[in-house]
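Q: The chain contents come next:
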Amino acid sequence: MILLFPEPFEICVLVLAVLILVALYRLVAGPTSPDRVVALDAINTLVVGIMFALGVIFRENIFVDVAILYAVLSFIGTIYYAWYIGGRYT
Amino acid sequence: MKQSNIVRITADIMFPFIMIFGAYVVLHGHLTPGGGFQGGAVMASGVVLLLIAHCDKDIKTLIPTQILKNVETFGLLLFGLSALAAVILGSGFFTNWLVNTGLLFGTPVEYGPNPGYLNTGGVIPVMNIAVGLEVLAALSVIAVIMFRSTEPDCGGEEQ
Amino acid sequence: MIEVLQIIILIGLLLTAILAVLQTDLLHAAVTLGAFSFLLALEFYILQAPDVAIAEAGIGAALTTAIFIFAIRAVGRKEVTS
Amino acid sequence: MNRKNGITVCIIAIIAVVLIYAQSGISFGDPVYQDMDQYFLLNGQVQTGGNNICTDVVFDFRAFDTLGEATVLFTAVMGVIVIFRRLMKGEEYEAE
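Chains as they are written, first to last, in the numbering used here: chain V, 4 to 93; chain G, 163 to 321; chain Z, 101 to 182; chain C, 109 to 204.
Treat the hints with caution; some may be incorrect.
To be verified - Here are a few chain Z residues that sit away from chain C, every Cβ distance over 10 Å (derived from the structure): (1) I107; (2) L133; (3) F136; (4) F144; (5) I146; (6) G160; (7) R173.
Said to hold, decoys possible - Stretch-level coverage of chain Z by chain G, calculated; a stretch enters the list once three of its residues show a Cβ under 8 Å from a Cβ in chain G: (8) 118-126; (9) 163-169.
It is worth saying that the hints were derived from the structure and are not from the lab.
Idealized CB from N, CA, C, for every residue including glycine.
All chains, please: the whole structure from these sequences, using the hints.
A: In structure tokens, the structure reads:
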């Protein structure tokens with residue numbers, strides 16, 4: 004069912020998933036708070052990329068709405084963390 | 163504490179697009195993924211973004227809480243009345259009394275997978291709009307009240 | 101392909117869920133919970149439920165983060181352990 | 109502290125083994141009782157006029173659940189206002 008489309012998008016999805024694990028290591032073992040926040044932002048961007056690639060693989064154009072929504076809303080969470088850290092350390 | 167220009171201008175540019183996308187999710191709730199609750203949550207996220215970007219101004223004039231409370235009550239009343247209208251018209255509670263009648267939202271649909279038209283669905287789009295208004299107002303009121311009570315002067319005590 | 105992707109995402113879910121409980125710094129716990137929310141939404145997306153994915157995006161990405169940050173600013177960052 | 113972590117890891121491992129064993133006998137996406145599912149998929153689009161079956165179920169077939177959810181949200185807002193009313197600056201509190 005999934006394997007309708009040729010290989011390149013699946014390879015793209017797998018590489019992005021492995022990169023999520025790499026960013027999760029920095030989120031778990033990061034020494035300071037800005038490390039963890041930047042790792043969370045990287046995870047957000049990678050999740051949006053995976054959603055676009057999976058929308059191509061599933062051949063559903065309405066799934067792109069979810070990815071656009073994530074790309075918009077992940078900005079708000081990051082800006083709140085930045086507000087807290089900047090207000091504390093400056 | 164005043165926010166930097168990058169944050170404020172980016173929030174000003176992104177706020178109308180977030181509200182338009184939330185309205186799209188609410189109005190197309192019976193055709194595409196989404197619905198009242200999801201679209202209302204997206205629009206409330208836009209209000210939360212506006213709250214943090216302009217926190218140096220007066221919050222009460224920027225986002226008036228009393229209007230939001232009235233909007234929430236109106237949404238809940240619209241939801242209940244659209245269900246009670248079915249009882250008045252002679253059928254059960256929560257009966258879909260607008261579908262397949264040719265009136266507003268009353269165009270019949272054909273069976274099978276199709277993109278669909280906006281003018282179908284009966285009473286479902288009305289309930290979507292009601293729940294969307296209610297969720298938008300409720301989540302915005304919670305965020306604004308928690309912000310105003312925990313940070314009276316917008317968090318400038320460290321400087 | 102999809103099984104490998106699901107295994108990776110479930111490992112990440114388990115890791116972030118355990119770490120969010122075990123953190124003593126409340127800001128780090130909030131950041132870890134944000135990552136958990138995003139991975140959970142991606143899992144819903146893979147299971148072909150975009151309605152739940154949109155709800156998880158709207159609630160988990162913006163509103164929960166905002167309310168957590170308000171609460172952390174009010175009560176302090178370090179957890180007091182006896 | 110080290111012994112406590114060991115107990116935690118053991119409990120998590122036991123739960124993981126039990127869950128993996130429990131799901132090994134169930135085929136995914138094929139529930140046992142699926143009468144109402146087939147009814148919704150066959151008749152929902154014609155009876156309610158919406159193409160999204162999830163919204164049809166939430167707002168037409170199971171609309172009482174949505175009414176309860178709206179009531180819960182309204183009650184939550186009332187609780188937040190009651191709790192945080194004294195912590196605000198008091199202008200809105202005086203007007204009522």
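Q: For a quick check of understanding: which of the numbered hints are violated here, in increasing order?
A: Violated hint (a single one): 8; every other hint is consistent with the structure.
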